[in-house]
Amino acid sequence: MHYRLNTQDTNQSKEPLRVGLTRLLPVMAGEGRNVALAVFAIIISSATTLTAPLIIAYIVDRFIATNDYQGVFVWSGLLLGVFLIGLVSSYVQSRTMGGVGRRILFNLRNAIFTKLQALPVAFFNQNKSGDLISRINNDTDKINQFFAQALMQFLSNAALMLGAGVLLVSLNVRLGLAALVPAIIVLIATRMLSGWVKRASFKSLQTLGGLSGEVQESLANFKVIVAFNRLDYFRNKFAGANQANYSASVKAGVASNIFLPLYGLAANLGTLIVLAYGIILIGNGELTTGLLIGYILYVTNFYTPMRQLASIWASLQLALAGLDRISEVLALNSDMTIVPSDEVVGDAVMAFDDVSFSYSGGQDVLSDICFSLERGKTYALIGPTGGGKTTTASLMARLYDPSAGTVRLNGRDIRAFTAEERAETIGFILQEPFLFSGTVGDNIVYGNPAYADLAGGQLVDRLDEAGLSGLLKRFDQGLETPVSASGDAMSLGQKQLIAFMRAALRNPQLLILDEATANIDTVTEKLLEEILAALPAQTTTVIIAHRLNTINNADEIFFVNGGTVTPAGSMESAVDMLLNGQMQS
Amino acid sequence: MSSPNSARARPNSGKLFALLVPYWRWIALLVGLTIAGNSLNLVGPQLIARAIDGAGTANYSLTSLIEQFLALAAGVFILTYGQSIVQTLAAEKVARDLRTKLIATISGQDFAFVQKVTASKLLTNLTSDVDAVKSFVSQAIASIVSSLFLIVGASILLMLIDWQLALLVLMVVPIIGFSFYFVLSRVRPLFRRGQEALDWLNKVINESILGSSLIRLLNSQALEYDKFIVANGESKAIGLRIVGMFSALIPIIIFVTNLATLAIVSFGGHLVISGTMTLGDFTAFNSYLGILIFPILIIGFMSNVVAQASASYERIGTVLASPPPEPWGRRDDPLHGDIEVAGLNVRYGDKLALENVSFSVPAGSRTAVIGPTAAGKTQLLYAMSGLIVPESGHVRYDGHEITDYDKQALHQQVALVFQDSVTFALSLRENIAFSNTVDDLSLQKAIETAELQDFVATLPDGLDTIISERGTSLSGGQKQRIMLARALALNPRVLLLDDFTARVDSRTESKILANVAANYPGLTLVSVTQKIGPIENYDQVVVLMEGAALAIGTHAELIHTSPEYVQIHNSQQSTDDYALQA
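If you're matching them up, the sequences are chains A and B in order. Read in order, the letters of the first sequence are residues 1 to 585 in the UniProt record's numbering. Read in order, the letters of the second sequence are residues 1 to 582 in the UniProt record's numbering.
It is worth saying that the hints were derived from the structure and are not from the lab. Virtual Cβ for every residue (Gly too), placed ideally from N, Cα, C. Among the hints, a few may not be true.
Computed spacing ranges between beta-carbons, pair by pair [as the list claims (entries may be wrong)]: (1) A:D232 to B:A342: 30 to 38 angstroms; (2) B:Q567 to A:Q538: 56 to 64 angstroms; (3) B:G462 to A:P567: 13 to 21 angstroms; (4) A:D232 to B:R241: 45 to 53 angstroms; (5) B:G233 to A:P26: 40 to 48 angstroms; (6) A:L25 to B:H270: 50 to 58 angstroms; (7) B:V21 to A:E286: 55 to 63 angstroms; (8) B:S39 to A:T190: 24 to 32 angstroms; (9) B:A18 to A:G283: 54 to 62 angstroms; (10) A:I133 to B:D226: 15 to 23 angstroms.
Please build the complete structure, drawing on both the sequences and the hints.
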């Protein structure tokens with residue numbers, strides 16, 4: 001199954017706006033009534049905005065020109081009413097649409113998070129975590145900004161522009177069409193320029209990414225740079241990236257800043273056309289002064305939203321690109337479904353029947369593996385790096401499904417078990433220990449429903465019972481020792497201890513340790529061995545290790561290399577195979 | 001998370017403006033272009049007013065109107081585009097120079113500084129903080145200048161036309177200003193809380209991605225979802241409150257503006273009727289009102305940009321102002337290799353990572369440091385290589401304080417192999433010959449000593465193969481050996497190994513150590529390790545526990561005198577046979 005997301009095609013969507021907007025529809029589901037209300041409010045408020053100049057023109061022509069102050073007064077009252085309606089409707093519009101935006105963002109984030117939780121480990125292995133995090137954080141944020149600010153402005157500006165355009169043309173067809181000529185020219189110019197602007201902006205974003213990449217790499221490895229006297233490397237690499245970003249950003253700025261002056265120019269030309277043509281029309285008696293004043297206001301009402309639309313355009317494009325990247329995740333489905341099966345073969349706690357496995361599209365990492373693990377015994381997997389030990393262990397816990405053959409847990413196809421049953425039965429201490437931010441105690445009981453509600457003191461008792469409390473001495477403040485988000489303050493050995501306690505406390509039937517103690521000192525490791533020995537007699541343990549003392553107590557040793565899993569027999573022959581195996585590799 | 005309060009405690013925008021002093025030519029040009037462009041904009045309504053008033057009269061020339069207006073439009077276009085180009089250039093220059101200054105400061109600091117401030121905070125300083133300052137230059141300066149100019153200019157012109165009506169209309173300015181201030185002062189803390197909620201949300205998401213394997217193993221998706229939904233709900237709640245405040249603001253401002261329009265129509269209409277005002281002036285009044293309102297909004301929004309930029313620049317300023325580390329001496333004589341550690345105390349966080357550690361290493365000898373997890377072994381090596389400054393105590397090389405040496409000369413001769421593998425996105429050759437002083441011969445010798453030649457031979461591009469940043473395509477053992485080769489390529493006099501054996505099997509390990517002895521005669525070796533087997537014939541072993549050196553001696557001595565050492569020894573006893581075979 002391919003879960004790899006597209007990271008190459010960084011171009012923004014080329015589809016027309018209409019198609020882009022329709023793709024926003026699904027995430028707006030359930031908001032129909034609110035959106036309808038907002039659109040209604042937008043229409044009303046745009047209508048009031050557009051009616052006001054008409055009324056003013058009428059007041060000028062009908063009353064001011066005829067010295068009828070009574071009329072001015074009455075119609076001013078009407079104008080006030082229109083303004084009040086505008087106040088209410090624009091408030092309703094902002095409020096409703098803003099709420100819609102926040103709820104859509106909430107739903108969108110929920111949808112992605114739920115999807116991420118449903119996708120298997122392969123998905124996370126096939127994609128860079130940085131890219132995934134950026135999709136969820138940055139891309140949803142772009143969509144947020146769009147919904148929170150731009151969409152409302154977009155809709156109301158579009159409505160205003162449309163309304164003003166219609167009024168311009170309908171009040172006086174020739175004058176109206178003439179006023180719109182600069183707009184058409186400017187739209188054509190925008191189309192021609194947008195490729196240039198897009199390329200320049202993209203280049204600038206790219207160099208910015210390059211810049212932070214350089215800084216991140218150097219700062220994270222600062223100790224090496226200092227210890228090897230390479231501050232010049234840091235400075236030079238950075239200076240290059242900084243300069244590249246500078247020139248790309250200036251070019252992008254020069255490109256993208258063309259639009260506002262251009263639209264301003266169009267607005268001025270539109271005004272000029274109306275003014276000049278209008279004066280001629282007044283001269284011919286085809287237009288009144290009041291209407292000309294109203295007309296000039298409409299030109300402003302047409303070109304100002306158009307200018308706003310131009311600046312919102314970029315935000316819309318970004319939101320659509322973000323939506324693209326998120327939709328890509330949402331479209332994925334896990335292929336690791338539950339396959340019902342009642343067939344029970346043998347009573348081994350874990351068995352591989354002709355199992356083959358390859359990572360997506362690659363060569364077989366394991367081919368036709370057969371073995372079975374008996375209840376209560378300890379097994380060791382040894383072999384050179386890259387030989388397939390971790391893969392074998394991952395298949396045991398159904399982190400992946402085999403490409404052929406069957407993995408059996410307690411005789412049944414492992415795919416027939418629910419995730420809950422698997423988690424209960426199998427404990428797996430991963431090669432790279434992962435800690436959540438919080439405390440050591442939080443991390444030990446993490447994901448363990450039996451201990452979730454225990455108070456600190458009770459937890460210590462349970463750890464005592466399991467013989468684990470001695471390990472807490474390795475932490476300054478015991479269970480309360482804080483774990484920061486990056487886990488920087490913990491040594492690798494300490495993280496491994498926490499992962500060990502987390503797994504041992506769950507009392508699984510099958511416990512897998514994947515180089516789980518590589519960075520723990522041998523005295524503590526002895527303690528861990530005692531803890532393992534004290535687990536219920538029925539517990540089956542699988543140990544993957546480099547250090548031979550860790551696998552000393554194994555009942556049986558498997559040698560894993562080149563896609564095969566071979567029983568090694570005695571410790572001596574295992575060491576022998578390890579040596580020879582390494583000679584080959 | 002260190003007290004967000006102190007960061008926002010009235011950020012001093014004066015400093016921010018002081019930042020601009022070296023760019024005064026650019027800023028002056030920017031201000032000049034902005035004012036010129038806006039002056040032209042103010043002329044527009046005048047032209048319109050004259051056109052409307054003159055429309056009926058005989059001596060009115062339409063051609064001159066068109067000429068004037070075209071000149072105006074072209075002028076506005078050129079000036080505004082020129083202004084945006086200048087502000088882009090100025091902003092990017094400020095940002096580039098600020099980054100360069102930051103990098104110069106950081107690279108003048110020692111490792112302890114980066115460790116204390118943390119790499120991620122420095123990255124924020126270099127990216128988003130600089131961006132905030134950049135948007136101040138690229139948006140705020142021109143906007144504020146033009147807004148102030150337009151407000152003042154439009155007000156004066158209104159007053160010139162009719163001061164009574166102007167005063168009436170100008171009453172909207174304080175009303176709008178006040179409602180803006182009222183809402184913004186309430187929204188700002190919400191913004192900050194919104195950002196905090198977002199950070200929290202992002203943390204939950206990040207952890208769910210980085211810990212995805214664990215979550216699947218423990219079937220704890222529901223737990224993660226619960227964490228997520230709380231964070232997401234909080235973010236939504238704050239977002240909705242912000243929406244609530246802002247959705248009232250803009251309509252109210254527009255309404256207040258409309259009231260001014262109403263005043264113009266009714267009161268201005270009265271003036272026209274009574275003959276004290278022309279219809280053209282009446283139109284101009286309406287146009288100027290439109291010009292007047294927008295700048296008030298802009299200033300309101302820009303006050304946010306200025307506040308953010310001030311806070312960002314203050315954070316940058318803290319980094320720039322951090323005092324340089326104590327300078328080291330100039331001693332650069334070739335090292336003999338005698339090391340003396342005396343009364344060393346190293347603080348890490350709140351507790352002492354090393355407490356009164358003393359031992360000495362004769363030149364050319366081999367010393368092992370052994371001890372449990374979190375005993376302070378890595379801190380000891382860091383102090384010995386000068387990466388961190390001890391709270392008290394001494395590290396001496398050949399009888400001279402480590403700080404008497406020229407830093408570069410010391411790093412050239414004292415090489416440290418770090419516990420974690422650090423590879424750069426460079427070729428394998430550049431990763432190993434990372435120091436500039438490495439020649440081909442040293443490189444070759446280092447590669448052979450680290451037993452990497454076979455591995456290099458399997459690579460299609462050999463030494464020119466590009467290694468990815470996190471070295472994902474390499475196994476743990478390969479990365480570790482590259483780290484060793486990098487250190488050896490310096491031809492060091494002293495080699496410090498940090499748990500080098502953890503990811504290398506015993507056989508390769510003993511081969512490598514034999515290679516080191518053969519190829520680098522006279523090298524002084526200090527090795528932090530977990531395994532006793534390989535160090536039994538070392539010249540001395542230091543047993544380090546909870547920051548204290550409990551026992552020092554040879555293997556033969558310690559096995560009789562140190563219970564802790566015996567304990568470690570016993571824990572490994574059963575497998576020694578195999579290790580020996582290997």
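Margin query: For the hint 30 to 38 angstroms, verify it against the beta carbon of D232 of chain A and that of A342 of chain B.
Written below: 33 angstroms, holds
Check: Taking 54 to 62 angstroms as the hint, is the beta-carbon distance of A18 of chain B and G283 of chain A inside that range?
Finding: 59 angstroms Cβ-Cβ, so the 54 to 62 angstroms window holds.
Notebook entry, point to check: That 56 to 64 angstroms hint for Q567 of chain B and Q538 of chain A (C-beta), does it hold up?
Noted result: 31 angstroms, violated
Next item on the list: For the range 24 to 32 angstroms, tell me whether the beta carbons of S39 of chain B and T190 of chain A fit it or not.
Entry: 28 angstroms, holds
Check: Does the Cβ distance between G462 of chain B and P567 of chain A fall inside 13 to 21 angstroms?
Finding: About 38 angstroms separates the Cβ atoms of G462 of chain B and P567 of chain A, which means 13 to 21 angstroms is violated.
Check: Between L25 of chain A and H270 of chain B, does the C-beta distance stay in 50 to 58 angstroms?
Finding: Distance hint for L25 of chain A, H270 of chain B holds at roughly 52 angstroms.
Checklist line | Distance restraint hint 55 to 63 angstroms, applied to the beta-carbon atoms of V21 of chain B and E286 of chain A | finding: At roughly 59 angstroms between Cβ atoms, E286 of chain A and V21 of chain B fall inside 55 to 63 angstroms, so the hint holds.
Notebook entry, point to check: Does 15 to 23 angstroms hold as the CB distance between I133 of chain A and D226 of chain B, or does it fail?
Noted result: Given a distance of about 20 angstroms, which is inside 15 to 23 angstroms, the answer is holds.
Margin query: If I claimed the Cβ atoms of G233 of chain B and P26 of chain A lie 40 to 48 angstroms apart, would that claim hold in this structure?
Written below: 22 angstroms, violated
Notebook entry, point to check: Per the hint of 45 to 53 angstroms, is the separation of the Cβ atoms of D232 of chain A and R241 of chain B within bounds?
Noted result: Roughly 51 angstroms apart at Cβ, these two residues keep to the hinted range, so it holds.
Of the numbered hints given earlier, the model fails hints 2, 3, 5; all others are met.
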